[in-house]
Amino acid sequence: MKGMEIAWRTLNMERVEEPCILSCWVMNGEFFSRVTGRDFWAAREDVACEAFRRLGVNVCPQLALPAAPGECRTGTHGDVKKRLEATLAQWKSPEQVKEAVEKLPDLEALRRSFSFEKARDGYAQSIKSHRDRTGDDVLWISSFGQADFMGGYTRWGYENYLEALALYPETMRRCFEYSGEQGYLTNTAIVAAIREHGLAPFVYTGQDLCFNDGPICSPELLRRIYFPYLKRAVQPLVENDIRIIWHCDGNILPILDDLIDLGVSGFQGFQEEAGVKLETMAQVRTKWGRKPILWGSVSVTTTLPFGAVEDVERDVERCFRVAAPGGGFGLASTSSILP
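With positions in the sequence shown counted from 1, the corresponding number in my numbering is that position plus 3.
By construction, these hints were calculated from the structure, which means they are not laboratory data. All of these numbers come straight from a predicted model, not from anything done at the bench. We treat Cβ as the ideally placed atom computed from N, Cα and C, and that holds for glycine. Be a bit skeptical, because a hint or two may be false.
[What the hints assert, rightly or not] Here are the simulated distance ranges between beta carbons:
1. P72 with K131: 25 to 31 Å
2. R57 with G310: 22 to 28 Å
3. A311 with R76: 21 to 27 Å
4. D216 with P22: 32 to 38 Å
5. K121 with E21: 35 to 41 Å
6. E173 with P22: 46 to 52 Å
7. S129 with G278: 44 to 50 Å
8. E33 with E199: 19 to 25 Å
9. M16 with D264: 17 to 23 Å
10. K84 with E20: 46 to 52 Å
11. E282 with E313: 40 to 46 Å
12. G154 with R114: 15 to 21 Å
13. P108 with D216: 32 to 38 Å
14. R41 with Q93: 40 to 46 Å
I would like the entire structure built from these sequences, with the hints used as guidance.
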């Protein structure tokens, strides 16, 4: 059985003897070079795809790769320091955030400017270009449109953004309404791409809504001004039975029921040190009473960096024992594996 079929059938909750394995968050170019015998930096995506095939990886929802040698060791990953300094230099108050949100175009202008064909074709082409590299060995899926929460603290900084949410919630509602409509339009195109090109009916990504001790802002505020627009965004996917696998950072338990109510069909990640246990997630049921798709849960903060080989083996066995019965389980790290 080819890897693509193993993954597709696993995600469909069918019984499959071979394991479903993800390995798409390895941030170490030298690792890929060792696996393939090729220079990773000369052709990053090609070398990574060859490594996936050699390693038996059979599903990839996100091709996250290091951009330059040593970036994860030196603190330059994603130019975090430069972006933070630029943010703090430009944005100095919640009132500036409020003014920026008030200047957003109206929804009709957004709808008129959206290119359905460009979004549909771009989505399909991205997946097909990866599939061309791996053939039937790897099932490729991709992201989806959302109401954007984490873009706010990325653009404006945590203090400015969170203060704006607290002081001007009705204005900030407009921010989520606008990005939620962008997400809705994007997802109508994704539905068409999946249907017209015979792509796997699954999507993956999410918003970093939580710290280790719970949501970044109060669940009540999220329910009032954010979740209604996230629900609007994912409506085309839910109505067309395209299953959403949500990325989980931090302690999502206080808003887990909200995510299920939106129509989320699966979860990836799980910071067990923050209380989100794989055992707990395996007992969750979706809005339709089904077992969720689960991807995880070998820790990148404990087991992988500090455990012996035997510790990793025990954790892998635990993951399969806890989450594999009934289908839908893919073995993965909890997040990015750093050098």
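Each hint, compared with the structure:
no.	hint	in the structure
1	P72 with K131: 25 to 31 Å	holds (30 Å)
2	R57 with G310: 22 to 28 Å	holds (24 Å)
3	A311 with R76: 21 to 27 Å	holds (23 Å)
4	D216 with P22: 32 to 38 Å	holds (33 Å)
5	K121 with E21: 35 to 41 Å	holds (38 Å)
6	E173 with P22: 46 to 52 Å	holds (49 Å)
7	S129 with G278: 44 to 50 Å	violated (35 Å)
8	E33 with E199: 19 to 25 Å	violated (40 Å)
9	M16 with D264: 17 to 23 Å	holds (21 Å)
10	K84 with E20: 46 to 52 Å	holds (47 Å)
11	E282 with E313: 40 to 46 Å	violated (21 Å)
12	G154 with R114: 15 to 21 Å	holds (20 Å)
13	P108 with D216: 32 to 38 Å	holds (37 Å)
14	R41 with Q93: 40 to 46 Å	holds (41 Å)
Hints 7, 8, 11 from the list above are not met by this structure, while the remaining hints are.
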